[in-house]
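Here is how the chains run, residue by residue.
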Amino acid sequence: MNHHRTLISYLLFTALFSFLILVTTGCSKDENNGESSKADNTLYLFNWTYYTPESVIEAFEAEYGVNVVLDYFASNEDMFAKLKGGGSGYDVVFPSQDYAEIMIREKMVIPLDHAKLDNLRYISPLVREKATYDPDMAYAVPYYLGASGIAVMKDSLEEYPRDWSIFSDSRFRNRMSMLDDMREVMGAALAHLGYSVNSLNPDELEAATRLINEQWKPNIVKFDAEGFAKAFSSGEFSVVHGYGEAVFEEIEEERWDEVDFFLPGEGGPMYLDSMMIPVTAKHVDLAHLFINFIHRPEMYAQFLDRFRFPSTVHTEAEQYRTTEPIYSGDALAAYELKMDLGENLSLYDELWQTIRYDD
Amino acid sequence: MKRSSRLGITYAGPMGLWLTIFFLTPLFIIILYSVLKKGLYGGVEWTFSSAAYRQLVNPAFAKVLFRTLTVSVTATAITMALALPCGYAMARSSHQSLFLGLVIVPFWTNSLIRIYAWIAILSSRGFANELLKQLHIIEESLSLIYNQGAVITVLVYMYIPFAILPLFTTIDSFDFQLLEAARDLGASRFTSITRVLLPNIRSGIITSGVFTFIPIFGAYTVPLLVGGKDSYMIGNIIVDQVTKTRNWPLASAISLIITLVSTVGVMWMLMAGAQEKRERAQSLRKAGTR
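Going down the list, the protein sequences come from chains A and B.
Heads up, the first sequence is in our numbering, so the first residue is 1 and it goes up one at a time.
Heads up, the second sequence is in our numbering, so the first residue is 1 and it goes up one at a time.
Pulled out of the complex, with its shape left as it was, chain A reads as follows (with noise of 0.2 Å):
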């Protein structure tokens, strides 16, 4: 009886003590960044998780004989979390357009040097023009420019509009999910109903909450950003809200015939994701090469093919590119950029508790 104590307190010991060893060995890696001599060949990149192509992080190694160590967010919340709370030692991150705005204003990050950035000239003035934050490019040089649409399960139905208002479909009902994400549903919400993105206005916020609440959510079978295209993949979901690349990554080649992918014509929120050095980098240089890298057409067709995006801000890379989009970037001229809402985030996050926490 009494050696079963002693193995309960003994599993319990061991896992406090695996628990502290993981603490301690966490904390010390920051600080052996750029101790070592073989660091300062070494690029630290932060970037979202599955956003960045592997072949042209290869290229990018061979040409120039260094090192690419890559680390991972799941939100600009979490990104920039980590920045404020005095994580350091990136050299390049990826925010989207709000959290860049932010950067900047917060003097986050550092000019850069046009000198060594010849390819900017093929980011497209377009987006520059929607860059309102920095259309110079002075801090930050677009990454990619997209949204989120609907993914719809071909065999499900034959006929279905090919808007937001598929949410309102009753013949879909518990076989659809959207984004659990305030500014992605209030943003469709919106647009829907002919109204901006960024709207502060009360009663078109009010109106938009009220479609939500009314329309869509008896609908849906969860507000889901983790496992939607697990679900969708495995036939639970027919209709989900997300992002296309999440939806096809997660589903075989062979069935992508299968798939719907579409931006609703009304327009949506979209974003546009920058590369941007923060203060805290110590291989600017090294930074300032990799940028220019990843924008040589070559290179950046590279990018599009391994996530089938759309060329959405380079000029140049359409034409070296082998695959096909998995949705077409002309979709995105009635898209509107999520802009940062500053003290205002209160007004979206009243209305979005009464359509998250009630039944």
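I should point out that these hints are in silico values taken from the structure, not numbers from a laboratory.
There could be a bad hint or two in this list.
[What the hints assert, rightly or not] Derived coverage of chain A by chain B (criterion: at least 3 residues anywhere in the stretch with Cβ under 8 Å from a Cβ of chain B; other residues may be distant):
1) 241 to 253
2) 313 to 322
[Unchecked claim] In silico EDC-like cross-links for lysine to aspartate or glutamate, where the CA-CA straight-line distance does not exceed 16 Å:
3) A:K130 with A:D330
4) B:K244 with A:E343
5) B:K63 with A:E350
6) B:K244 with A:E250
7) A:K116 with A:D359
8) A:K82 with A:D118
9) B:K244 with A:E226
10) A:K217 with A:D359
11) A:K154 with A:D257
12) A:K230 with A:E250
13) A:K154 with A:E77
14) B:K37 with A:D359
15) B:K244 with A:E258
16) A:K84 with B:D230
17) A:K217 with B:D240
18) B:K63 with A:E250
19) B:K244 with A:D180
20) A:K230 with A:E253
21) B:K244 with A:D40
22) A:K154 with A:E254
23) A:K130 with A:D340
24) A:K217 with A:D180
25) B:K244 with A:E77
26) B:K63 with A:D358
27) B:K244 with A:D359
28) A:K107 with A:D134
29) A:K282 with A:D40
Even for Gly, the Cβ is constructed at its ideal location relative to N, Cα and C.
Following the hints, position chain B against chain A.
Leaving out everything else, chain B in the frame of chain A:
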């Protein structure tokens, strides 16, 4: 005398240091953050503000709190109902080490992977539905996932080891001859269990109940991954307020509720344990005088 008091500090020191660094300091930071003004981009500004507590008084939030309580109480009750017979069977078995190992084995796999395994089991084309169809029990798939039932099922699965282990240790130290004595004195099998076994393992029951209820009350990943549109729990609100809406004071105020509930639970557990000790000492004294 002097020497022993110095030894007392030596013995209590590590534990005290541990509690200060890993419990009191974080708790103090959470309390402090909950009464400060929220920073525009996360964090806090060093100005007093009771905004977080005013935001707490809100019917939408009360709904989530009520839902969290309902789910936690239900899941804990089911867990206990399953864990009691398990603990009893293990204590009476001659293969105790084997069963102990089996209870602990699931911890070797990451909890997220175990939740995804449940998604594979419960989804409409998952193992459970396919099996029922093969057996011709159902024709159409049942909706087993993305609802409260799925949340409770997976929570019970995740936390049942926490209930079995303390129950097992208390039942194991129970003197089973007392049951025989009760039967000899005319108690039925059922009465002997409710009037002799259960009162004697009360502290184990309370410990395992508290150990199960507290983590379930703060659950986050299970409602997120297997819950539906109506499965939001307090843990989910905290994460959203820290990351998405950048309202750290509100997140702190909400997590204080979890701390409060946990503290009440642990106090109850400690008091029940102390009471049992007193009662046992009393009955021993009584037995001695006879």
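We went through each hint and held it up to the structure:
no., hint, verdict
1, 241 to 253, "violated (count 0)"
2, 313 to 322, "violated (count 0)"
3, A:K130 with A:D330, "holds (15 Å)"
4, B:K244 with A:E343, "holds (13 Å)"
5, B:K63 with A:E350, "holds (15 Å)"
6, B:K244 with A:E250, "violated (26 Å)"
7, A:K116 with A:D359, "violated (55 Å)"
8, A:K82 with A:D118, "violated (31 Å)"
9, B:K244 with A:E226, "holds (15 Å)"
10, A:K217 with A:D359, "holds (10 Å)"
11, A:K154 with A:D257, "holds (9 Å)"
12, A:K230 with A:E250, "holds (6 Å)"
13, A:K154 with A:E77, "violated (35 Å)"
14, B:K37 with A:D359, "violated (30 Å)"
15, B:K244 with A:E258, "violated (34 Å)"
16, A:K84 with B:D230, "violated (34 Å)"
17, A:K217 with B:D240, "violated (19 Å)"
18, B:K63 with A:E250, "violated (36 Å)"
19, B:K244 with A:D180, "holds (11 Å)"
20, A:K230 with A:E253, "holds (15 Å)"
21, B:K244 with A:D40, "violated (35 Å)"
22, A:K154 with A:E254, "holds (14 Å)"
23, A:K130 with A:D340, "holds (14 Å)"
24, A:K217 with A:D180, "holds (12 Å)"
25, B:K244 with A:E77, "holds (7 Å)"
26, B:K63 with A:D358, "holds (7 Å)"
27, B:K244 with A:D359, "violated (21 Å)"
28, A:K107 with A:D134, "holds (13 Å)"
29, A:K282 with A:D40, "holds (8 Å)"
The structure fails to meet hints 1, 2, 6, 7, 8, 13, 14, 15, 16, 17, 18, 21 and 27 from the earlier list, while all remaining hints are met.
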